[in-house]
Amino acid sequence: MNNTGSVTVLQKYPRKRLNQRSQTLMALAFGSIFLVAITVIGTMVGDIAITTNFTQKNFLPQMAHPFGTDWLGRDMLARTLKGMSISIYIGLFASVISAVIAGILGAAAATLGKKVDAVITWFIDLVMGIPHLLLLILISYAIGRGTFGVVVAVAISHWPVLTRIIRGEILQLKESNYIKIAGKLGQSKMKIIVKHMIPHVFPQFLVGLVLLFPHAILHEAALTFLGFGLPPEQPGIGIILSESMKYLSLGMWWLALFPGMVLMTAVLLFDLVGGSLRKMIDPHSAQE
Amino acid sequence: MLEAKGISFGYKKGINILDQFQIRIESHERVGIVAPSGFGKTTLCQILSGYIKPASGQVLLDGEDLHRIQGYCPVQMIWQHPEKAVNPRLRMKSIIEEGDQIEERIIDGLGIERDWLNRFPGELSGGEMQRFCIARALGKRTKFLIADEISTMLDLITQSQIWNFLLAEVTERKIGLIVVTHSHSLMERIATRQVVLDTRI
Chain A
1 MNNTGSVTVL QKYPRKRLNQ RSQTLMALAF GSIFLVAITV IGTMVGDIAI
51 TTNFTQKNFL PQMAHPFGTD WLGRDMLART LKGMSISIYI GLFASVISAV
101 IAGILGAAAA TLGKKVDAVI TWFIDLVMGI PHLLLLILIS YAIGRGTFGV
151 VVAVAISHWP VLTRIIRGEI LQLKESNYIK IAGKLGQSKM KIIVKHMIPH
201 VFPQFLVGLV LLFPHAILHE AALTFLGFGL PPEQPGIGII LSESMKYLSL
251 GMWWLALFPG MVLMTAVLLF DLVGGSLRKM IDPHSAQE
Chain U
1 MLEAKGISFG YKKGINILDQ FQIRIESHER VGIVAPSGFG KTTLCQILSG
51 YIKPASGQVL LDGEDLHRIQ GYCPVQMIWQ HPEKAVNPRL RMKSIIEEGD
101 QIEERIIDGL GIERDWLNRF PGELSGGEMQ RFCIARALGK RTKFLIADEI
151 STMLDLITQS QIWNFLLAEV TERKIGLIVV THSHSLMERI ATRQVVLDTR
201 I
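Residue numbers (this note's numbering), protein chains in the order written: chain A, 1 to 288; chain U, 1 to 201.
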């Protein structure tokens with residue numbers, strides 16, 4: 001008998017690292033706190049972001065102004081946070097609308113018969129077939145630009161992927177044995193939906209929703225950068241970047257670098273939060 | 001009485017794996033179905049318990065069309081693969097509760113231990129899960145039980161424990177039993193009558 005061998009191994013290597021679940025949980029918490037902080041601070045900075053001070057214009061990054069100041073003497077850190085929070089709000093709003101559309105259409109395609117399914121699938125292919133940015137510009141332009149235009153454009157161009165996922169999930173669920181058995185055991189349709197379907201589909205929906213945020217934010221920024229999005233008086237991150245472009249050639253690199261990095265960080269963090277959420281809800285995906 | 005009249009069914013066009021199949025089962029009978037793999041045993045089970053609608057013919061339960069019955073189906077099928085027959089997100093307790101007022105007696109008789117009730121399906125073995133599926137099918141209103149190779153994954157001792165209980169239960173409550181198994185000895189022991197599926201494919 002050599003049982004002692006395995007015991008020694010366990011004692012020899014005590015658990016130093018956190019297990020994968022704790023790591024994921026920490027990533028999730030870190031990402032969420034950071035994003036909420038950006039949003040809250042950005043909302044609270046208020047007037048600092050638009051207050052001009054011509055005695056302090058074109059400052060390089062320094063202690064008083066970590067991100068420098070622009071050609072009107074506005075503090076770039078305040079502007080960036082403000083812009084980022086506006087972008088996050090718009091992204092949030094647009095992706096929630098998008099996800100709701102996806103939820104409704106996905107469920108409809110899977111449950112309302114072949115004809116409805118064919119029509120919805122056709123629309124999915126149609127929207128996915130058009131280049132994203134082109135579709136965004138067209139919709140936003142047709143509606144009349146501004147915040148409303150951006151939200152509508154982002155909302156109605158981002159639903160297809162999630163719709164496909166939800167449709168597939170429900171179709172697969174409908175054919176699963178345990179749901180058929182529940183029907184034969186006299187469970188009502190409503191009960192089967194509440195007890196078997198929603199607990200399965202909702203996590204997928206939630207993760208899909210969170211993973212829509214980075215897309216929505218990036219596309220909002222891109223649209224605004226190209227001049228089809230937010231109006232200049234609403235300094236979204238796209239506006240800040242496009243205005244900064246004019247001053248880049250004058251050597252004012254900090255105007256574009258820091259806002260761009262914050263935008264990228266926010267997008268990556270949203271991706272991290274979505275990915276971690278998926279791992280928490282569906283542990284199988286952690287091994288992929 | 002469970003009666004199937006002129007049942008035909010096929011998965012591919014023009015090829016029927018069941019062709020004008022007839023069967024009559026009284027509620028005191030225990031019928032064994034014998035056929036090689038791929039001859040439509042499971043398909044027949046699914047038709048008899050109303051999961052599949054046959055291409056032609058009908059299944060009658062005491063003279064009533066099985067497909068017209070709403071709510072609890074008195075013909076309950078136990079599937080071959082228990083892991084597909086339970087929702088992996090529910091605890092075994094709620095899975096049992098889906099059945100029609102399952103008595104404690106049944107849970108004990110099948111050798112289900114109390115602490116299994118709070119577990120998820122992934123925390124049980126196939127054999128342990130199958131006992132829950134059997135218990136779930138033995139609801140108050142069950143009149144016919146269809147067992148589609150339910151004990152293939154079990155060891156012989158557990159197998160005989162479960163079948164002892166099931167046979168006693170079925171006899172006592174006058175539930176008709178339809179059994180599919182490849183085990184000859186099991187068939188000899190259980191079935192009062194054997195039906196051979198021999199549709200040529």
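A few of these clues could be false.
Here are the simulated lysine-lysine pairs, BS3-like style, with alpha carbons at most 30 Å apart [stated by the list, open to error]: (1) A:Lys-57 <-> A:Lys-115; (2) A:Lys-189 <-> U:Lys-53; (3) U:Lys-84 <-> A:Lys-191.
Have a look at the derived ranges for each label pair, beta carbon to beta carbon [stated by the list, open to error]: (4) A:Thr-265 <-> U:Ile-52: 48 to 56 Å; (5) U:Lys-13 <-> A:Ile-281: 38 to 46 Å; (6) A:Val-96 <-> U:Ala-55: 44 to 52 Å; (7) A:Pro-199 <-> U:Glu-188: 41 to 49 Å; (8) U:Glu-103 <-> A:Leu-171: 35 to 43 Å; (9) A:Leu-25 <-> U:Val-196: 20 to 28 Å; (10) A:Val-194 <-> U:Phe-120: 38 to 46 Å; (11) U:Ile-52 <-> A:Phe-148: 46 to 54 Å; (12) U:Met-187 <-> A:Gly-129: 54 to 62 Å; (13) U:Glu-188 <-> A:Ile-198: 16 to 24 Å; (14) A:Glu-175 <-> U:Gly-127: 35 to 43 Å; (15) A:Leu-25 <-> U:Arg-119: 21 to 29 Å; (16) A:Leu-18 <-> U:Lys-13: 54 to 62 Å.
Not close to chain U: a few residues of chain A, all C-beta gaps over 10 Å, as computed [said to hold, decoys possible]: (17) Phe-34; (18) Leu-60; (19) Gly-73; (20) Ala-107; (21) Val-119; (22) Phe-123; (23) Tyr-178; (24) Ile-179; (25) Ile-181; (26) Ala-182; (27) Leu-185; (28) Gly-186; (29) Leu-206; (30) Gly-251; (31) Met-264.
For the record, the hints were derived by calculation from the structure and aren't laboratory data.
The C-beta atom is built at its ideal place from N, Cα and C for all residues, glycine as well.
Broken hints, by number: Per hint list: 1, 9, 10, 13, 14, 23, 24, 25, 26, 27, 28 violated.
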